[in-house]
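Number of protein chains: 2
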Amino acid sequence: MMRKQRDLTTDRPHEIEPVSRRSLIAASGGLAGSLIAGQAFGESLADVPPREVGADLGARSERSKFVKIGRIPEAGPGKRNVDPSDAINSKVPLHKLFGSITPTDLHYERSHSGAPDLDPAKHRLLLHGMARKQLVFSVDDLQSMPSMSRAAFIECTGNGWENWHKADENLTVQNTHGLVSTNEWTGVPLKFLVDLVGKDKNSTWMLAEGGDAAGVARSIPLTDEILNEAFVAYGQNGEPLRPAHGFPMRLVMPGFEGNLNIKWLRRLKFGDQPWMTRWETARYTQLHADGKATQFQLRMDTNSVIASPSGTMTIKPGYQRITGLAWSGHGSITRVEVSTDGAKTWMNAQLNRPALPKAQVRFQMDWVWDGKPTNIVSRSTDDKGNVQPTRKSFIAAVGTNALFHYNAQQTWSIDKNGKVRNVLD
Amino acid sequence: MMRKQRDLTTDRPHEIEPVSRRSLIAASGGLAGSLIAGQAFGESLADVPPREVGADLGARSERSKFVKIGRIPEAGPGKRNVDPSDAINSKVPLHKLFGSITPTDLHYERSHSGAPDLDPAKHRLLLHGMARKQLVFSVDDLQSMPSMSRAAFIECTGNGWENWHKADENLTVQNTHGLVSTNEWTGVPLKFLVDLVGKDKNSTWMLAEGGDAAGVARSIPLTDEILNEAFVAYGQNGEPLRPAHGFPMRLVMPGFEGNLNIKWLRRLKFGDQPWMTRWETARYTQLHADGKATQFQLRMDTNSVIASPSGTMTIKPGYQRITGLAWSGHGSITRVEVSTDGAKTWMNAQLNRPALPKAQVRFQMDWVWDGKPTNIVSRSTDDKGNVQPTRKSFIAAVGTNALFHYNAQQTWSIDKNGKVRNVLD
Numbered sequence: 563m564m565r566k567q568r569d570l571t572t573d574r575p576h577e578i579e580p581v582s583r584r585s586l587i588a589a590s591g592g593l594a595g596s597l598i599a600g601q602a603f604g605e606s607l608a609d610v611p612p613r614e615v616g617a618d619l620g621a622r623s624e625r626s627k628f629v630k631i632g633r634i635p636e637a638g639p640g641k642r643n644v645d646p647s648d649a650i651n652s653k654v655p656l657h658k659l660f661g662s663i664t665p666t667d668l669h670y671e672r673s674h675s676g677a678p679d680l681d682p683a684k685h686r687l688l689l690h691g692m693a694r695k696q697l698v699f700s701v702d703d704l705q706s707m708p709s710m711s712r713a714a715f716i717e718c719t720g721n722g723w724e725n726w727h728k729a730d731e732n733l734t735v736q737n738t739h740g741l742v743s744t745n746e747w748t749g750v751p752l753k754f755l756v757d758l759v760g761k762d763k764n765s766t767w768m769l770a771e772g773g774d775a776a777g778v779a780r781s782i783p784l785t786d787e788i789l790n791e792a793f794v795a796y797g798q799n800g801e802p803l804r805p806a807h808g809f810p811m812r813l814v815m816p817g818f819e820g821n822l823n824i825k826w827l828r829r830l831k832f833g834d835q836p837w838m839t840r841w842e843t844a845r846y847t848q849l850h851a852d853g854k855a856t857q858f859q860l861r862m863d864t865n866s867v868i869a870s871p872s873g874t875m876t877i878k879p880g881y882q883r884i885t886g887l888a889w890s891g892h893g894s895i896t897r898v899e900v901s902t903d904g905a906k907t908w909m910n911a912q913l914n915r916p917a918l919p920k921a922q923v924r925f926q927m928d929w930v931w932d933g934k935p936t937n938i939v940s941r942s943t944d945d946k947g948n949v950q951p952t953r954k955s956f957i958a959a960v961g962t963n964a965l966f967h968y969n970a971q972q973t974w975s976i977d978k979n980g981k982v983r984n985v986l987d
Numbered sequence: 563m564m565r566k567q568r569d570l571t572t573d574r575p576h577e578i579e580p581v582s583r584r585s586l587i588a589a590s591g592g593l594a595g596s597l598i599a600g601q602a603f604g605e606s607l608a609d610v611p612p613r614e615v616g617a618d619l620g621a622r623s624e625r626s627k628f629v630k631i632g633r634i635p636e637a638g639p640g641k642r643n644v645d646p647s648d649a650i651n652s653k654v655p656l657h658k659l660f661g662s663i664t665p666t667d668l669h670y671e672r673s674h675s676g677a678p679d680l681d682p683a684k685h686r687l688l689l690h691g692m693a694r695k696q697l698v699f700s701v702d703d704l705q706s707m708p709s710m711s712r713a714a715f716i717e718c719t720g721n722g723w724e725n726w727h728k729a730d731e732n733l734t735v736q737n738t739h740g741l742v743s744t745n746e747w748t749g750v751p752l753k754f755l756v757d758l759v760g761k762d763k764n765s766t767w768m769l770a771e772g773g774d775a776a777g778v779a780r781s782i783p784l785t786d787e788i789l790n791e792a793f794v795a796y797g798q799n800g801e802p803l804r805p806a807h808g809f810p811m812r813l814v815m816p817g818f819e820g821n822l823n824i825k826w827l828r829r830l831k832f833g834d835q836p837w838m839t840r841w842e843t844a845r846y847t848q849l850h851a852d853g854k855a856t857q858f859q860l861r862m863d864t865n866s867v868i869a870s871p872s873g874t875m876t877i878k879p880g881y882q883r884i885t886g887l888a889w890s891g892h893g894s895i896t897r898v899e900v901s902t903d904g905a906k907t908w909m910n911a912q913l914n915r916p917a918l919p920k921a922q923v924r925f926q927m928d929w930v931w932d933g934k935p936t937n938i939v940s941r942s943t944d945d946k947g948n949v950q951p952t953r954k955s956f957i958a959a960v961g962t963n964a965l966f967h968y969n970a971q972q973t974w975s976i977d978k979n980g981k982v983r984n985v986l987d
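Protein chains in written order, with the numbering used here: chain S, 563 to 987; chain C, 563 to 987.
So here's chain S without its partners, still in its complex pose:
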């Protein structure tokens, strides 16, 4: 049943695998055969339900009453489905989504003192410190400046923490990987603001502080990459930011730890060294096997996960569509390989186009399951040559004292009954 798939990682936008070849595969016992054998198609209009009268047109299009889709609140690793007042994050239902954009209201949420709904008429952003001027901007000021839009993933540095230490076979992909999302963000380039206040050239660090009660504040190194790519966003997926995602303004730091994308942004201070806030001493410091720690490990590494089939699903023998998401803080995903025999052999999955840098990209592959127990797993490669590590090599390198930046390959086991389970392999 295994076959080599063509490498479709070309640069053409919206590349889809030529269908004629797929149809041949399908017609020869793959897709069409399985579908028709398994699902008793009808063949006439009598099999199609009658047409229906509809509801009035409104100011907004709500979801179908038949669509049940939502995030799940958590209070940390292993503390799932908690009371919302105890929650510190809320995870995306990756297995129920399509394409690469995360629906605005389902973008993952992580906060340290809830999500304030700030009054945009009163909100201000202060730029100060080592600069020629210090200035305070309103939301209207920002929206009158040159803007940019960019699809970018934001990922909690704790994404994947569920699988760091022990296997819970009842986890879904929402539990294991639900702290990453991709939206189209719109805002003002950081470089524009930096030039407006005239940052001192000796200032190599910036403090970004949020307007929530916790006052999350992080020191950010002003590398060329960050100066060229970071921006202060006021829009997501075409509309104003939602309160949970930083309304009325947040920092967006494509490719870097979620907690650096400071929400409810109230000030940017320029300096020549990090501020060593409690967010970079007590938290967000990576503890290694030997007891030493790494501070400012800021970039999110190359990652991928199969979203379907995934944990707690049940599949039937025959044709399966394997699909998932890949992303890298280093740049663009250039390849996702999938193994359906427990990492013994690998095939290139199809990547949906365009595969934008520092954004999630959808991958997919067709597969015919022979009904025998097996393990499925994906691994991604980015355009800087980084390859997603196995769990063994990841643990060997990082140890088990750490809590952040887990990007090991995710294995799903399938038993003889088609039940899919989370395993550590």
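Hints are computed from structural coordinates only; laboratory data are not their basis. Don't take every hint at face value.
Stated by the list, open to error - Each computed DSSO-like pair below joins lysine-lysine, with the alpha-carbon atoms no more than 27 Å apart:
#1 C:Lys658 - C:Lys630
#2 C:Lys630 - S:Lys684
#3 C:Lys684 - S:Lys878
#4 C:Lys627 - S:Lys684
#5 C:Lys695 - S:Lys684
#6 S:Lys978 - S:Lys878
#7 C:Lys695 - S:Lys630
#8 C:Lys695 - S:Lys878
#9 S:Lys981 - S:Lys878
#10 C:Lys981 - S:Lys684
#11 S:Lys981 - S:Lys728
#12 S:Lys627 - C:Lys684
#13 C:Lys684 - S:Lys981
#14 S:Lys627 - C:Lys981
#15 S:Lys627 - C:Lys630
Stated by the list, open to error - To give an idea of the interface, some chain C residues facing chain S are shown, with a C-beta separation under 7 Å as derived from the structure:
#16 Ser626
#17 Arg804
#18 Pro805
#19 Arg828
#20 Gly947
#21 Pro951
#22 Thr952
#23 Ser955
The C-beta atom is built at its ideal place from N, Cα and C for all residues, glycine as well.
Dock chain C against chain S, hints included.
Just chain C, lined up with the frame of chain S:
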């Protein structure tokens, strides 16, 4: 005040205009000068409101209570803000949006008998007619097939009809151009389905029929372009289609009339000639000045509109950010020019990247208004060389009997008090 802007229409993704040059402009009396002169910035943290405690994390992120944003229902040209039960369409607030993606719940809506909320467990899609097999597919069947995702604009063929005949100076850009939107759609390539049923090679037309009470049905020519680009979508912006947009499945026809993107799709029939449904005889036929009519004028032409400043807004002398959207059913937008002196001289606006084919693209340009009455206008050019026509040349070519495919340049006048008005120029 007028100056030539650099042509930034390169192929690099996420191209933004180099900031250093802009900052120089700003510092030399443009942006920063106007802002600081006009808006009394604060200069210290005392000017920034205190931090706030937030709400619990939830299953969804709702909009801010401070954000008032919605569509407006209409009953046809000149029949605005009607009772929803009389509405035949509902228009997007283009002047309140950012970037290129339209928020899912604000995507424009046009229907002929309301929006049914069909049960996806019961819904079926029949493929029949001139083909080797006829097959009926469920939603699950479709979702197990190879998928593609693509950002595409969909535009009602009546978009712009408000300005065809007479000037109403009180129109907003939502009134004049609110029947176009861009979402990331996910679904199954039409070609895959066509090959699955084994379409007869003599079949050059396809009938697509919707499951609403009106049973909107259109004949679609099976050109190579359409066979390669059309798809049956079940997802929009990452989630299942919303009922107003065709849940559980619709046809997406990038670049072609909105009404061809059949919602609540229930069958595709293959034939060798058009069916001449009432949707292509009584409606959606273009009546010319000489009384003759064009049927199957299906492609949407190159278009653009300035969304800010736009009708009913009031601006102040000094720095202005001009921004809007451009799109073409022929392919990619390669250039948007803006005139701030009533079409006497033109400058290239900056195009946000990536400028995807058959998707809306954001353009922007900075401008310092000298306080004198003037007209502002945009015109787009696509990669097939089509240039958006002036209203005069458009009317000269098409006449005033028609109702569809209006794509003339939109002029906004600005009076000495900064009041912006819709004019026909």
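Now for the hints, and whether the structure bears them out:
| no. | hint | in the structure |
| --- | --- | --- |
| 1 | C:Lys658 - C:Lys630 | holds, 9 Å |
| 2 | C:Lys630 - S:Lys684 | holds, 17 Å |
| 3 | C:Lys684 - S:Lys878 | holds, 21 Å |
| 4 | C:Lys627 - S:Lys684 | holds, 14 Å |
| 5 | C:Lys695 - S:Lys684 | violated, 64 Å |
| 6 | S:Lys978 - S:Lys878 | holds, 10 Å |
| 7 | C:Lys695 - S:Lys630 | violated, 34 Å |
| 8 | C:Lys695 - S:Lys878 | holds, 25 Å |
| 9 | S:Lys981 - S:Lys878 | holds, 9 Å |
| 10 | C:Lys981 - S:Lys684 | holds, 26 Å |
| 11 | S:Lys981 - S:Lys728 | holds, 20 Å |
| 12 | S:Lys627 - C:Lys684 | holds, 14 Å |
| 13 | C:Lys684 - S:Lys981 | holds, 26 Å |
| 14 | S:Lys627 - C:Lys981 | violated, 44 Å |
| 15 | S:Lys627 - C:Lys630 | holds, 24 Å |
| 16 | Ser626 | holds, 5 Å |
| 17 | Arg804 | holds, 4 Å |
| 18 | Pro805 | holds, 5 Å |
| 19 | Arg828 | holds, 5 Å |
| 20 | Gly947 | violated, 20 Å |
| 21 | Pro951 | violated, 28 Å |
| 22 | Thr952 | violated, 28 Å |
| 23 | Ser955 | violated, 32 Å |
The structure does not agree with the numbered hints 5, 7, 14, 20, 21, 22, 23 stated previously, though it agrees with the rest.
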